[in-house]
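Enquirer: For the record, the sequence lines run as chains A, B and C. According to the working numbering, the first sequence holds residues 1 to 224 in order. According to the working numbering, the second sequence holds residues 225 to 457 in order. According to the working numbering, the third sequence holds residues 458 to 682 in order.
These are computed hints drawn from the structure, not numbers from a lab. Treat each hint with caution, since some may be false.
[What the hints assert, rightly or not] Label pairs and their in silico Cβ distance ranges:
1. B/343 - C/667: 53 to 63 Å
2. A/19 - C/551: 47 to 57 Å
3. B/338 - C/672: 50 to 60 Å
4. A/160 - C/562: 27 to 37 Å
5. B/346 - C/672: 53 to 63 Å
6. B/295 - C/667: 32 to 42 Å
7. B/360 - C/511: 48 to 58 Å
8. C/665 - B/338: 51 to 61 Å
9. B/404 - A/12: 30 to 40 Å
10. B/360 - A/19: 10 to 20 Å
11. C/667 - B/425: 50 to 60 Å
12. A/5 - B/364: 52 to 62 Å
13. C/559 - A/4: 55 to 65 Å
[Said to hold, decoys possible] Cross-link-like lysine to any residue pairs, in silico, SDA-like; alpha carbons within 20 Å at most:
14. B/437 - C/679
15. C/527 - B/242
16. B/322 - B/361
17. B/322 - B/294
18. C/527 - A/220
19. B/322 - A/220
20. B/322 - A/11
21. C/527 - B/245
22. B/322 - A/20
23. B/322 - B/360
24. C/527 - C/511
25. C/494 - C/548
Please read all numbers here as calculations on a predicted model, not as lab measurements. Even glycine gets a Cβ: it sits at the ideal position worked out from N, Cα and C.
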Amino acid sequence: MGLARATGILLGKELRTELRSRELVTTTAVFVLLVIALFSFTFDPSSAESRRFGPGLLWLAFLFAASLMLQTCFLREQANDTLSGLRLCVGDPFAIFLAKLAANALFLLLTELLLLPVFSVLYNLPILRVWPSLVLVLLVGDVGICLTGTGMAAISAQARMRELLLPLLLLPLLTPVLIASTEATAALLSENPVLRWDWLGILLAFDGVFLTVLWLFGEYLLEE
Amino acid sequence: MTLGDSAVGLRCSQLEKRFGNLVALRRVDLEIAPGETVVLAGHNGAGKSTLLRLAAGLTRPTSGRVFIGTAEVREPGSARAVGFLAHQTMLYDELTAKENLVLFAKLLGVPEPVRRAENLLAEAGLGERGDSLVRTFSRGMRQRLALARALLSRPRVLLLDEPGTGLDAGGLAWVAGTLHELHRDGVTTVMSLHSQPELAAVATRAVRLQAGKVAADSAAGQALDAVLGMGAC
Amino acid sequence: MGKRIAGVVVLFLLLALTTYLAFYYAPVERTMGVIQKIFYLHLPSAFTAFIAMGICFTANLLYVFRRAPKWDWLGVSAAEVGLPFITVVLITGPIWAHPVWGVWWTWDARLTLTLVLWLLYVAYLLLRSMIEEPDRRALLSALFGIFAFLDVPLVYFSIRWFRTQHPQPVILGGPGSGLEPRMRVAYLLVWAAFTGLLILLLRSRYRLEAMRADVETLRREVEGR
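Chain A with its partners taken away, still in its complex shape (with noise of 0.2 Å):
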């Protein structure tokens, strides 16, 4: 069974799951609403402010959010121990990875894709005319996010204090994904918008190192 095939197998059964609820994206969504409705009360959104603040407070809204969202990624998979049911039937881990990855990255998108025209009304800042290129800056972000993110699940997800310690562990980590998306953001939001590739360059090379990272070692993240 090729890894593409076992992966996609997973990845239909994560969509599946989510289909049937709905609940991890319509919460993430609110939560991300909420985030920037506060971020909002603490500053006054006048134009100039919300361009320099804007896309640095949209990411770090949507950090927050991921951490939150890929608590369940493993903890779902713990409640009758189907992960030990995979790892019995899939050749390679790296499948289970991919998949939760893949859909993770899928619920995020889908989020902000909901919540841009909010925040472009909320703060001012014209997205429609450079859509192609924010919804690329935010897939490479996204996949960024969610290759740590699903990572420090499997992680956290054995240890105590789980809820607080996904956060702790995956946000200094996205240090270079927060400030490399905010200032591509940045650039597409300004007056003369312009898509960076030195900061998607980061990004890319973010998502290959860690992509990488969790090929090696991803069995031993699911090591009992």
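On the provided structure of chain A, position chains B and C as indicated by the hints.
Expert: The following block gives chains B and C in isolation, referenced to the frame of chain A:
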């Protein structure tokens, strides 16, 4: 009795497993010939579940080795030759019974996964509830489904941890019947039991574990019933 | 035992010597004045912390692939010993910055990187405290350590690139440039002394961890009987 080159046995060599301070298994040597149906008896904490999990490849030994056939167990599943039933059902509550079986069947590479899933559901007496969410199942029904899952890939070695849990008389009869058939087909079965005489009746051998060591073995001359009945079970 | 005491004494003398060198032998820097001397503490601490980080990473890798407990002991020792050095860097930074620039903290590349590193060290140690079972603790913290170490270059580049885009007044200009020979001597000796300190602390902490494991083994044997 055995199916030629598909007959596969189990061997533990100086197998030891520690969890921090707790020693679950102490240098266990155990050899199970292909086709045997073995009952693992013992109190809670004697090491039965640990031994089964090690054989399934879900845990690594602290020292020592486990072999399925001639291959050392290094990863879970051991090339799908092994079927495993654990304490927990390993089923997704939010999927239907059929979806669960089809998922695992597809991952295992079972040919015609949907047909196989339907057949097993019928055999387990769950044919009508195939499209119900597992969340709605009773304990006994989940146990049947879990066993069906273990049989998906037609394994040569079956490892069952307390297969009788939660089953009523009908369920126990089905399991006993299935084990009997599997034994006829030359499948090697190792199951841990507390006190289900219906299932113990299928066994050809009994091994009693105590404090992580083999305390008695019917293959070493003791009567099978004696090994099973020794001490409070 | 005698050798150990001798080692501590030598190190103590070395540290005393380097203190003298730093404060009296090395000349006072032209523009910044006496406060510049804090660099004799700041920079070697940073170097030492980086060395400790490298040791921790190597130990983590070795544990994941070899599973010998001694690599776990080395890893936690390196992290615990490295943390104070990083803390020193974070404290001496503001102490220097305040009289010179009037601000306590500067978000320049190096200091920001140090802060993130500090957070990663702390996360590593906190993770360990949340897992009771020794084998699990060793494996999971080693894996996190690997993630963290490989993240560091990415953190550095992204912060540095950010700073070049949003230039700030250069605050920590290279103090190593144009060093007077006497300053250079002082720096080298302080660095040697700190490395010696690192080794000493590391060995002590490692020995402590090894003894803990021995106690556990003995306890297990007693209980087993």
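Enquirer: Take the hints in turn and mark each one as holding or not.
Expert: Hint check:
{"no.": "1", "hint": "B/343 - C/667: 53 to 63 Å", "verdict": "holds (57 Å)"}
{"no.": "2", "hint": "A/19 - C/551: 47 to 57 Å", "verdict": "holds (52 Å)"}
{"no.": "3", "hint": "B/338 - C/672: 50 to 60 Å", "verdict": "holds (57 Å)"}
{"no.": "4", "hint": "A/160 - C/562: 27 to 37 Å", "verdict": "holds (33 Å)"}
{"no.": "5", "hint": "B/346 - C/672: 53 to 63 Å", "verdict": "holds (58 Å)"}
{"no.": "6", "hint": "B/295 - C/667: 32 to 42 Å", "verdict": "holds (36 Å)"}
{"no.": "7", "hint": "B/360 - C/511: 48 to 58 Å", "verdict": "holds (55 Å)"}
{"no.": "8", "hint": "C/665 - B/338: 51 to 61 Å", "verdict": "holds (59 Å)"}
{"no.": "9", "hint": "B/404 - A/12: 30 to 40 Å", "verdict": "holds (36 Å)"}
{"no.": "10", "hint": "B/360 - A/19: 10 to 20 Å", "verdict": "holds (19 Å)"}
{"no.": "11", "hint": "C/667 - B/425: 50 to 60 Å", "verdict": "holds (53 Å)"}
{"no.": "12", "hint": "A/5 - B/364: 52 to 62 Å", "verdict": "violated (34 Å)"}
{"no.": "13", "hint": "C/559 - A/4: 55 to 65 Å", "verdict": "holds (59 Å)"}
{"no.": "14", "hint": "B/437 - C/679", "verdict": "holds (17 Å)"}
{"no.": "15", "hint": "C/527 - B/242", "verdict": "holds (17 Å)"}
{"no.": "16", "hint": "B/322 - B/361", "verdict": "holds (13 Å)"}
{"no.": "17", "hint": "B/322 - B/294", "verdict": "violated (34 Å)"}
{"no.": "18", "hint": "C/527 - A/220", "verdict": "holds (19 Å)"}
{"no.": "19", "hint": "B/322 - A/220", "verdict": "violated (31 Å)"}
{"no.": "20", "hint": "B/322 - A/11", "verdict": "holds (17 Å)"}
{"no.": "21", "hint": "C/527 - B/245", "verdict": "holds (17 Å)"}
{"no.": "22", "hint": "B/322 - A/20", "verdict": "holds (16 Å)"}
{"no.": "23", "hint": "B/322 - B/360", "verdict": "holds (13 Å)"}
{"no.": "24", "hint": "C/527 - C/511", "verdict": "holds (16 Å)"}
{"no.": "25", "hint": "C/494 - C/548", "verdict": "holds (14 Å)"}
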